[in-house]
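Quick mapping for you: the protein sequence lines, in order, are chains A and B.
The opening position of the first sequence corresponds to residue 1 in the numbering used here, with each subsequent residue numbered one higher.
The opening position of the second sequence corresponds to residue 252 in the numbering used here, with each subsequent residue numbered one higher.
It is worth saying that the hints were derived from the structure and are not from the lab.
Please note: incorrect hints may appear among the correct ones.
Some chain B residues near chain A, calculated using beta-carbon distances under 8 Å [said to hold, decoys possible]: (1) VAL282; (2) SER285; (3) LEU311; (4) GLY408; (5) ASP437; (6) ARG439; (7) VAL464; (8) VAL465; (9) TYR513; (10) ALA519; (11) PRO543; (12) CYS545.
The structure displayed is predicted, hence computed values, not measured ones.
Each residue gets a CB set at the ideal place from its N, CA and C atoms; glycine is no exception.
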Amino acid sequence: MRRSLVAAAVIVTAFSAVAVPVSVQAQRQGGVPPRSARDAAPIDLTGYWVAYVTENWRYRMVTPAKGEYRRIPVSPAAVPIVNAWDPLADERAGNQCKSYGAGGIMSVPGRLHITWQDADTLRIDTDAGTQTRLFRFTARASSSGTPPTWQGESLARWEAVAAPDRGGSLSVVTSNLRAGYLRKNGVPYSERATVSEHFDLAALADGGELLLVNTIVEDPVYLNAPYVVSPHFKREPDGSKWDPTPCSSTW
Amino acid sequence: MLIDLVARRSALALIVVLAARTAFAQTGPAVLPSQFEFAGSWAPLATEDVQNDSVPVDYLGLALTEEGRTRALSYDESQKAMIERQCQGWGAAYVVLGPFGLRTSSQSDPRTNRVASYTIDAWEDWMTMTIWMDDRPRPSANALHTQAGFTTGRWEGGALAARTTHLKAGFIRKTGVPLSDQATIDWRFFRHGDVLTVLMVARDPVYLAEPEVVSKSFRLSKTPLDYRDPCVTGFEGREPGDSVPHFPPDQNPFLDEFMKLYNLPREAVLGYRDTLYPEYRKTIKDTYVPPPPCTADCGVAGNFVRRR
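Could you put the whole structure together from the sequences, leaning on the hints where they help?
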C-alpha cells in the first residue's frame with residue numbers, strides 16, 4: 001500500500017513537472033531562462049551581402065555547357081541525367097527553381113538579406129530566385145511526412161569560441177530537400193541529399209567584411225563523394241541594390 | 252499491483268518525455284576552443300575551380316588594373332622553359348591556387364613552450380611558408396622579398412588569421428597574371444571537424460583593381476603527405492642567352508582561345524572588375540549563347556581541360 005502511494009505521488013509530481021514550461025521552471029528555480037539563439041549569437045550575420053564571384057566563375061555567372069560536370073564527383077547514376085538536361089522541359093514542368101535549392105543557392109550570383117524571423121529562427125532571403133531559407137535553432141517535432149521543398153528543413157547551431165575570446169561560427173544542416181541541381185546545367189542532387197554548412201566571417205583590411213559559406217553536399221544517389229564549395233559574400237551597407245528576380249531554368 | 256505497474260510505465264514515459272524536452276529545447280551554442288590543431292597533413296578537396304591554369308588568357312574572376320591586364324597579355328608560357336625560370340616557383344598565393352595538399356607543423360619556443368610558428372612545408376615548386384606566432388615585428392620594407400614572403404599570425408575568433416608581406420614579384424595565376432612585390436595577402440584558416448578551409452584575400456595596388464578572394468578546403472589526411480621531390484632543371488628548348496619569350500600585349504595569339512572555347516564574354520575573360528558582381532549577369536543575359544554540349548573530358552576532376 002505504501003509503495004503504491006509513493007508510486008502515485010511520483011506519477012503526479014512527474015507529470016506536473018512536465019506540464020510546466022522549461023522557462024517557467026528555470027524562473028521558479030531562480031535560474032535564468034535559456035537565451036534565445038538571437039541573444040546567444042557569437043557573430044552578427046544580419047544585413048545585406050553580395051556574392052563576389054572570384055571562383056567557379058564559368059559555372060556560376062553563365063550557364064555551362066550541357067553535359068559538363070567538371071569538378072563535381074558525380075556517381076554513374078547522375079551522368080544520364082546530366083546528359084538529358086532540358087531546361088525548357090524543367091520550365092514547362094514548373095521546375096525552374098531546381099538550381100535555386102539549398103544544394104546550390106549559395107553559389108548562385110546574387111544578394112542575401114539575413115534577418116531574424118523570430119528569436120530562434122534566422123532567415124536568409126535571396127534576390128536571385130526569390131528564395132527563403134529558414135535556419136531553426138530549436139528542433140521541431142518530427143517532420144516526417146512533410147513534403148520536401150527546395151530549401152528543405154535547416155537545423156542551426158552556433159559554435160561560439162570559449163571566453164574570454166569572442167567570435168564563432170554558424171553550423172547548419174539541411175535535409176528534406178526537393179531534388180535539385182548543383183549547377184544550372186542540370187548536375188543533380190536527390191531528395192536524399194544533405195547540405196552541411198558553416199557560416200564564418202572575416203574582417204577585411206579596408207574595414208569591410210566577408211562572409212564565407214563552407215558548403216558540403218552529400219548525396220548517396222548522385223554523388224560519389226562530398227561536393228565541397230565555399231562561396232563568399234561582401235557585406236553591403238544597405239539594401240539599395242536588392243533586386244529580386246524569379247527563378248529561371250534557362251538563365 | 253496495478254498501480255505499481257502504472258507507476259513503472261509512467262516513470263518510463265516520464266524519462267522519455269524529459270529526454271525529448273531536453274533534446275527539443277533551445278540548443279545552446281557549442282563551445283569551440285579559441286585555437287585548433289593546425290599541424291598535420293591536409294589533403295586537397297579539388298571540387299572548386301580555383302586554378303584556371305589550363306588555357307592561356309583566362310583571367311575569369313579577377314579584377315585587374317590596366318597595367319595588370321597588359322602584363323598578363325604579354326606573358327608567354329614558354330618563359331617556364333628557360334633554365335633559369337624552371338624552378339622559379341610560385342608565390343604564397345599558391346597555397347590555395349595550387350593542386351597540392353598542405354603539410355603543416357608547429358614549432359615551440361623552448362623557453363616558454365608556446366607555439367612560436369607554424370610552417371607549411373614546401374613542395375616541388377613552392378617555398379616553405381612560415382607563419383610567425385610570436386608577435387615579432389615585421390621587417391623593414393627594404394628587407395629581402397621572397398616567394399613565400401613574411402607572414403605573421405594570431406588566433407582570432409577561433410580561426411588562425413595571418414598576413415603576408417615582403418612577397419617577391421610573381422604571379423597570381425599560372426596564366427601569367429602578375430602579382431607585384433607590393434602585394435599583401437590576408438589569410439583565414441578555419442577548421443570545422445576534419446575540414447580546413449583556407450581563405451585568401453590578396454591585394455595589390457599595382458595589378459589588382461580589387462582584392463582577389465579565393466578559398467579552398469582540405470580534409471585531414473590519415474596518412475602523411477609527402478611532396479619532397481626537388482625541382483630539377485633540364486633542357487626544354489631554350490638556350491642560355493635566348494630572349495625572354497613574350498608577346499606584344501595586343502598581339503597575344505591566344506587572346507580569343509578561351510573565349511571561343513566556352514562562348515565567354517571578352518570583358519570577363521580579360522578580368523574586368525564589374526564582371527565579378529551579380530549585376531553583370533543582367534548585362535549579358537540577352538546576348539550570351541551557351542557553348543555546344545560537352546563531348547570530351549566533361550567530368551575530369553583534374554586541373555586541365557582539353558584544348559580544342
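*Can the hint on LEU311 of chain B be confirmed by a CB-to-CB distance to chain A that is less than 8 Å?*
4 Å, holds
_Supplied contact hint for GLY408 of chain B, tested at 8 Å Cβ to chain A_ = The hint holds - GLY408 of chain B has a Cβ within 8 Å of chain A, the shortest such distance being about 2 Å.
_Proposed interface contact between TYR513 of chain B and chain A, which counts if any beta carbon pair is under 8 Å_ = Hint on TYR513 of chain B: holds, closest Cβ of chain A at ~6 Å, below 8 Å.
*Holds or violated: is there a CB of chain A closer than 8 Å to the CB of ASP437 of chain B?*
6 Å, holds
_Hint VAL282 of chain B vs chain A: min CB-CB distance below 8 Å?_
Result: holds, 5 Å to nearest chain A Cβ.
_Cut-off 8 Å, beta-carbon criterion: hint that SER285 of chain B touches chain A_ = Since the shortest Cβ distance to chain A is 4 Å, the answer is holds.
*Per-residue hint verdict: ALA519 of chain B, partner chain A, C-beta under 8 Å*: 7 Å, holds
*Holds or violated: VAL465 of chain B as interface residue toward chain A, Cβ cutoff 8 Å?*
At about 6 Å, which falls below the 8 Å cut-off, the nearest Cβ of chain A leaves the hint on VAL465 of chain B intact, so it holds.
*Given hint CYS545 of chain B near chain A, where the shortest CB pair must fall under 8 Å*: Given a least distance of 4 Å, the restraint on CYS545 of chain B holds.
*May I ask you to test the interface hint for PRO543 of chain B with respect to chain A, counting a Cβ-Cβ separation under 8 Å as satisfied?*
7 Å, holds
*Once the shortest beta carbon distance from ARG439 of chain B to chain A is found, is it less than 8 Å?*
Check passed: Cβ of ARG439 of chain B comes within 5 Å of chain A, closer than 8 Å.
*Can we keep the VAL464 of chain B interface hint, with Cβ of chain A closer than 8 Å?*
Because about 5 Å separates VAL464 of chain B from the closest Cβ in chain A, which is inside the 8 Å limit, the hint holds.
Figure legend: structure checked against the earlier numbered hints; every hint is met.
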